[in-house]
Amino acid sequence: MLTDYLALLLLISGGFFFLAGTVGLLRFPDVYTRLHALTKADNVGLGFVMAGLAIQSGSWLVAGKLFLIWLLVLLAGASVAHLIARRALQRGITPWQR
Amino acid sequence: MARQVMINRLFMLLSRTAMFAVLWWLLTEGQPGSWGLGVPAVLLATLVSLLLVPRMTISIPALLRFIPFFLRHSLEGGMDVAGRALHSRLPITPVLVDYPLKLPEGLPRVVMINMVSLLPGTLSVEIDNDGLRVHVLDGNSDITVRLGILECRVAELFALAMTPTVSDHSLT
Chain A
0 MLTDYLALLL LISGGFFFLA GTVGLLRFPD VYTRLHALTK ADNVGLGFVM AGLAIQSGSW
60 LVAGKLFLIW LLVLLAGASV AHLIARRALQ RGITPWQR
Chain B
0 MARQVMINRL FMLLSRTAMF AVLWWLLTEG QPGSWGLGVP AVLLATLVSL LLVPRMTISI
60 PALLRFIPFF LRHSLEGGMD VAGRALHSRL PITPVLVDYP LKLPEGLPRV VMINMVSLLP
120 GTLSVEIDND GLRVHVLDGN SDITVRLGIL ECRVAELFAL AMTPTVSDHS LT
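Chains as they are written, first to last, in numbering that gives the first Met the number 0: chain A, 0 to 97; chain B, 0 to 171.
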């Protein structure tokens, strides 16, 4: 019962970070700042969602598998963000400045 | 001497086999019937990793210290960017910063550039011989100090000796 509430809290927190990441993606002015929103907010959001689901699953094996998925998404997200930012700079897209 | 090398090789073989076995066990959620396929897959993965991934030292105590450091900072990074995205005035002052890397080439640098992108306010953009070019969301923050701390952590992880030098503030 208590774990259900904890899981719910974690899932809602995760959803909040996904929402904030999406708002950042829409509001931030250029490719670099948008990548910030994606890599950071979404990874934390996914971490919370995975933690909530792990608690709900009630199984250490499933929890381990979810953790593994999170690690892979972190790795993929960071690598892809780096590649996109690098290509953008090589193509001469200058970062937005205030 | 030769015996020490043998022991090291054996340890590397066993630790990698154990790692892939745990991975298989997690992926199949411990189904006993899966090991008929799992054993050859684990052995093959170990063989391929021995051919492709050079021998490296990872400090387990440093890894254990790194995990809470990473979790705390990625949470901080997520909250930071979420707060900025939802703020009505969009408080960002992005700049590009060049940071001279002291880490050796190979896996330590790869870990470093990925960590930079996951931690608060920084995104690795370019890496070359001179160092790392980082896009920073908030140009007012003391970014070279923070990158220096991260670099020391990564060096610690790979049991590399490194002296922290964070004196030069090469903000551009």
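Some clues are possibly wrong.
Here are some, though not all, of the chain B residues that point toward chain A, as calculated from beta-carbon distances under 10 Å [what the hints assert, rightly or not]:
| no. | residue |
| --- | --- |
| 1 | Val21 |
| 2 | Gly29 |
| 3 | Ile59 |
| 4 | Leu62 |
| 5 | Leu63 |
| 6 | Arg64 |
| 7 | Pro67 |
| 8 | Leu74 |
| 9 | Gly76 |
| 10 | Asp79 |
| 11 | Ala81 |
| 12 | Pro93 |
| 13 | Asn113 |
| 14 | Met114 |
| 15 | Leu117 |
| 16 | Leu122 |
From chain B, some residues computed to sit far from chain A (all C-beta separations above 12 Å) [to be verified]:
| no. | residue |
| --- | --- |
| 17 | Asn7 |
| 18 | Met55 |
| 19 | Phe69 |
| 20 | Gly120 |
| 21 | Gly130 |
| 22 | Arg132 |
| 23 | Ala160 |
Just so you know, these hints were derived from the structure itself, not from any lab.
We put the beta carbon where it would ideally sit given N, CA and C, even for glycine.
Evaluated hints:
1. At a threshold of 10 Å, the smallest CB-CB gap from Val21 (chain B) to chain A is about 8 Å, leaving the interface hint in force.
2. Look at Gly29 (chain B): its Cβ gets to within about 5 Å of chain A, closer than 10 Å, so that hint holds up.
3. For Ile59 (chain B), the shortest C-beta to C-beta distance to chain A is roughly 17 Å, which exceeds 10 Å, and the interface hint is violated.
4. For Leu62 (chain B), the interface hint is violated, since its Cβ never comes within 10 Å of a Cβ in chain A; the closest pair sits about 13 Å apart.
5. At a threshold of 10 Å, the smallest CB-CB gap from Leu63 (chain B) to chain A is about 16 Å, leaving the interface hint violated.
6. The beta carbon of Arg64 (chain B) comes no nearer than 18 Å to any beta carbon in chain A, farther than 10 Å, and the hint placing it at the interface is violated.
7. With 10 Å as the threshold, the beta carbon of Pro67 (chain B) stays out of range of chain A, its nearest partner Cβ sitting at about 14 Å, so the hint is violated.
8. A least Cβ separation of about 6 Å between Leu74 (chain B) and chain A falls short of the 10 Å threshold, and the interface hint therefore holds.
9. At about 4 Å, the closest approach between the beta carbon of Gly76 (chain B) and any beta carbon in chain A falls short of 10 Å, and the interface hint on this residue holds.
10. About 7 Å separates the beta-carbon of Asp79 (chain B) from the nearest beta-carbon of chain A, less than 10 Å, and the hint is met.
11. Restraint check, Ala81 (chain B) versus chain A: the minimum CB separation of about 3 Å is within 10 Å; hint holds.
12. Satisfaction of the interface hint for Pro93 (chain B) is found here, the shortest Cβ-Cβ separation to chain A being roughly 5 Å, below the 10 Å cut-off.
13. Taking 10 Å as the C-beta cut-off, the interface hint given for Asn113 (chain B) holds, the closest approach to chain A being about 4 Å.
14. Because the beta carbon of Met114 (chain B) sits about 8 Å from the nearest beta carbon in chain A, less than 10 Å, this interface hint is met.
15. Satisfaction of the interface hint for Leu117 (chain B) is found here, the shortest Cβ-Cβ separation to chain A being roughly 5 Å, below the 10 Å cut-off.
16. For Leu122 (chain B), the shortest C-beta to C-beta distance to chain A is roughly 6 Å, which falls under 10 Å, so the interface hint holds.
17. Here Asn7 (chain B) stays apart from chain A, with its beta-carbon at least about 27 Å from theirs, past the 12 Å limit.
18. For Met55 (chain B), the shortest C-beta to C-beta distance to chain A comes to about 17 Å, beyond the 12 Å cut-off, and the non-interface label holds.
19. Non-interface status of Phe69 (chain B) relative to chain A is broken: a Cβ of that chain comes within 12 Å, the nearest being about 9 Å off.
20. At roughly 7 Å from the closest C-beta of chain A, the C-beta of Gly120 (chain B) falls inside 12 Å, breaking its exclusion from the interface.
21. At roughly 14 Å from the closest C-beta of chain A, the C-beta of Gly130 (chain B) stays outside 12 Å, upholding its exclusion from the interface.
22. Residue-level check failed: Arg132 (chain B) sits 7 Å from the nearest beta carbon of chain A, not beyond 12 Å.
23. For Ala160 (chain B), the requirement that its beta carbon stay farther than 12 Å from each beta carbon of chain A is met, with the minimum near 26 Å.
In this structure, the hints that do not hold are numbers 3, 4, 5, 6, 7, 19, 20, 22, in rising order.
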